[in-house]
Amino acid sequence: MTPSSSAGSASSGVNLFREITRRQLVFDISLAIFCVLLRLAITVAEPAMYVVVIIMATALALRRASPALALIVAWVGAGFQLVAQLGPDVSNLAILAVLFTTAAYGGRVLKWAGLVSAIAGSLVIAIYLTIDVFLGGAPLNEVIQVFAGILIFALVGLGLSWTLGLLARTRRLAGESRSAQAKAEAEQRIAQREVIVEQERNRIARDMHDIVAHSLAVVIAQSDGARYARLTDPTAVDGALTTISSTAREALGDVRLLLSQLRHNQAEGPQPSLADLDRLVGQLRQAGLSIEVRETGEPLPLAQGQQLAAYRVIQEALTNALRHGDVDQPVELEIAWSPLGLHVTVTNHMRADAQLAPPLGHGLAGMRERAVLAGGDLTARPTSGLFVVSLSLPHSVPTTTAPTLKESS
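Using UniProt numbering, you'd call the opening residue of the sequence shown number 1 and step up by one each time.
These are calculated hints, taken from the structure and not from any lab test. Cβ atoms here follow ideal geometry from the backbone N, Cα and C, with glycine treated the same way. A portion of the hints provided could be inaccurate.
If you anchor each label on the Cβ, the simulated ranges turn out as follows [unchecked claim]:
| id | residue 1 | residue 2 | range |
| --- | --- | --- | --- |
| 1 | Leu373 | Asp276 | 50 to 56 Å |
| 2 | Val44 | Val76 | 17 to 23 Å |
| 3 | Arg22 | Val124 | 33 to 39 Å |
| 4 | Asp377 | Leu173 | 16 to 22 Å |
| 5 | Leu40 | Gly136 | 30 to 36 Å |
| 6 | Gly305 | Asp233 | 31 to 37 Å |
| 7 | Ala168 | Val76 | 21 to 27 Å |
| 8 | Arg22 | Leu373 | 20 to 26 Å |
| 9 | Gln24 | Gly305 | 57 to 63 Å |
| 10 | Met208 | Thr379 | 21 to 27 Å |
| 11 | Met208 | Gln181 | 35 to 41 Å |
| 12 | Trp112 | Arg189 | 35 to 41 Å |
| 13 | Asp276 | Arg189 | 35 to 41 Å |
Produce the complete structure using the sequences and hints provided.
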């Protein structure tokens with residue numbers, strides 16, 4: 001590429017040079033040389049016309065590399081031609097090419113400078129060629145007719161060249177706009193795919209956290225209980241080991257299902273719902289967590305995604321109560337149905353050390369994300385030695401019948 005003082009041909013200022021390919025530069029110079037040789041092959045009446053031919057050829061060679069400089073050179077050549085009192089020459093056709101490029105490739109100022117040059121040049125040509133007629137004593141009507149004819153002819157020629165350049169400019173900019181739009185759309189598609197991938201990663205991370213955190217909490221609680229009970233109540237060890245085994249197997253199955261979703265682009269397998277809360281509560285009770293469940297109101301249908309969100313939030317809240325709460329105090333799980341939807345509250349007593357630094361990790365962030373994606377909202381905060389998780393989900397279009405939990409303590 002040739003050097004340029006600024007990038008872009010449609011800038012607001014006048015660019016002395018613009019970027020063109022080496023092939024374009026070689027072509028323009030070769031064309032100028034060819035035109036000079038072709039013109040010199042014809043008899044030149046005035047030696048000064050050689051200067052005009054060289055100047056016009058220079059403007060022709062510069063027209064794409066530097067439209068502004070080419071316009072200046074063309075005016076210099078035309079001015080010299082007037083001062084030397086030379087008549088029109090075929091080399092003046094280079095002015096048409098220069099006006100075309102000012103409109104096609106020039107900046108905003110140069111583009112309109114080309115139009116002004118076309119109009120001013122037409123007037124200059126008409127006046128210059130009419131002077132001899134006027135000085136020759138021709139009638140005024142004849143002088144006016146000659147002047148008007150030359151002016152119209154010059155305006156059509158020069159103006160048409162500038163107009164064609166403007167059309168070429170419009171077409172080029174439209175093509176560049178389409179290319180930019182296509183590029184932007186391609187980048188948008190890539191960004192959308194990245195967002196989808198990131199959302200899927202976050203979903204998998206939440207599911208993995210829910211599965212592993214819940215299962216490990218149960219396993220740890222049961223193993224600690226079995227270790228303490230092996231001397232005082234050996235029969236409790238078998239129950240604890242059974243719970244550990246079943247919990248680990250379920251977690252392994254869930255993890256395998258999750259990993260299969262990473263390997264295959266298939267539909268998801270069965271997801272837990274509110275119908276599985278009894279089993280979840282039973283597991284945590286076996287792990288040593290006392291849970292009081294209260295359900296009020298008439299159950300309403302919830303979408304599958306809402307049921308999954310409610311289940312995961314309850315699972316995370318109860319698991320946090322087992323890990324960070326005071327297990328000597330019961331955890332309250334309240335499920336309230338209303339015409340507006342479902343409201344779940346999980347309240348647990350906090351340990352003294354946990355009150356200083358309540359849990360604010362990935363689990364709580366995942367709960368909030370699940371609630372928002374399900375169309376609801378969630379709050380989780382410590383208050384007066386208690387940690388309260390509150391979930392609200394709106395009533396949805398009927399899909400599956402929402403199960404009930406038997407009131408238990």
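Structure-based check of each hint:
Separation of leucine 373 from aspartate 276 is about 20 Å and departs from the stated range, judged on CB atoms against 50 to 56 Å. Our hint of 17 to 23 Å for valine 44 and valine 76 holds, since their Cβ atoms are close to 19 Å apart. With their beta carbons about 36 Å apart, arginine 22 and valine 124 fall inside the hinted range of 33 to 39 Å. Look at aspartate 377 against leucine 173: about 49 Å separates their beta carbons, and that is not inside 16 to 22 Å.
Separated by about 32 Å at the C-beta atoms, leucine 40 and glycine 136 satisfy the suggested range of 30 to 36 Å. A C-beta distance of roughly 43 Å is found between glycine 305 and aspartate 233, which places it outside the suggested range of 31 to 37 Å. Distance hint check: the CB atoms of alanine 168 and valine 76 are about 25 Å apart, consistent with the given range 21 to 27 Å. Hint check: arginine 22 to leucine 373, Cβ distance near 56 Å, so the stated range 20 to 26 Å is violated.
Distance hint check for glutamine 24 and glycine 305: the Cβ-Cβ separation is about 59 Å, which falls inside the suggested range of 57 to 63 Å. Between methionine 208 and threonine 379 the Cβ separation comes to about 24 Å, which falls inside the hinted range of 21 to 27 Å. A hinted range of 35 to 41 Å for the beta carbons of methionine 208 and glutamine 181 is consistent with their spacing of about 40 Å. Checked against the given bound of 35 to 41 Å, the beta carbons of tryptophan 112 and arginine 189, roughly 40 Å apart, stay inside it.
Judged by the Cβ atoms, the range 35 to 41 Å given for aspartate 276 and arginine 189 holds: they are separated by roughly 38 Å.
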